[in-house]
Every structure is written in structure tokens, then in C-alpha cells.
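Student: Just so we're on the same page, this note's numbering is the position in the sequence shown counted from 1, plus 173.
Honestly, the hints are just simulated from the structure, not real lab data.
All the pointers check out, no bait thrown in.
Each computed PhoX-like pair below joins lysine-lysine, with the alpha-carbon atoms no more than 20 angstroms apart:
(1) K197 <-> K222
(2) K263 <-> K222
(3) K243 <-> K197
(4) K310 <-> K265
(5) K197 <-> K265
(6) K286 <-> K238
(7) K278 <-> K243
(8) K238 <-> K278
(9) K310 <-> K286
Cβ pair distances, simulated, as ranges:
(10) E317 <-> G255: 26 to 32 angstroms
(11) D186 <-> S303: 18 to 24 angstroms
(12) S193 <-> D231: 15 to 21 angstroms
Even glycine gets a Cβ: it sits at the ideal position worked out from N, Cα and C.
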Amino acid sequence: MALIPVIPVELTDNLAQDKSLVIKLMAENSNEYLNNVTQFFQDVMNHEKEMDTDVLTDIALPHAKSSAVKTPFIVVGKYNPGVIWNNENKVKLVVMIGAPQNADKEHLTIIAKLASNLADDDFIEELLNSDIQTVAKLIRGLYE
Numbered sequence: 174m175a176l177i178p179v180i181p182v183e184l185t186d187n188l189a190q191d192k193s194l195v196i197k198l199m200a201e202n203s204n205e206y207l208n209n210v211t212q213f214f215q216d217v218m219n220h221e222k223e224m225d226t227d228v229l230t231d232i233a234l235p236h237a238k239s240s241a242v243k244t245p246f247i248v249v250g251k252y253n254p255g256v257i258w259n260n261e262n263k264v265k266l267v268v269m270i271g272a273p274q275n276a277d278k279e280h281l282t283i284i285a286k287l288a289s290n291l292a293d294d295d296f297i298e299e300l301l302n303s304d305i306q307t308v309a310k311l312i313r314g315l316y317e
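Given only the sequences and the hints, what does the whole structure look like? Please build it.
Tutor: Below, the structure is given as C-alpha cells:
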């Protein structure tokens, strides 16, 4: 698998009450890997309507396979007080994955590798207790 870029994004108080604002900011910060930020944002939001992505305590994993994606990427955002996600659940860490529409199973490989590491409570604790730059480095390390 090719090296997967991991982009850190600082989340702020004014975004934290609305997951769509968080996803939009994260998509905008991924512009380098996208043909169309708006389309990717819509694709992620459509996927959010289909299934909950906050399946882990404190962590949401929004993602989309999209024609707007040029190359696979991961973008991470963190907000310790928590971002309201689904059903009033608050998540502290958002890990968003973008994959090209024509990617075979590459995005599933990315998600599977991330998910297997997120099964490790120590790894989750390290992510939740680290600053966003360290979070990005730790996740990037999974794919090197």
C-alpha cells in the first residue's frame, strides 16, 4: 500500500457543536487530495446518513469512497470537550478517510488497519491524551 497522508486539523469551540461543520473543515483541509471539496463533503455527509460512524467511545470514523478524491488520505481532528455526533454522543477524536471512487478495496484496507489498532485500549488512550500533531504522527505510523 502506498504511503497514506495524514492531515492534522485543529478543531475549535465554534465548530464543536455541529458535526457537519467539523466534516466541512476537515474536507477543506484535505483540498490537496481532492478534485472537489464540496462533492467530497456531500459524499461523507450522505454516508453519515446511512450509518453511524461514532462506533467507538470518544472516536468517530467518517469516510467516503468518492469521485472527488484524487488519492487516499486520512485527516484527523481533536476536540477534548467533545463534538456532538450522533444521538447526542460526544466524540473527542475524528478520523476521516477519503478514498477514490475507483479504488478497489484500498479504503477498506485503510479502515481495517486503523480499526485493528483502535481495538487496542492503550493505543486509544495514547491518541486521546496526545496533541493533534502527535495523533497524526501515530496514525501515519500505522501505514509506513
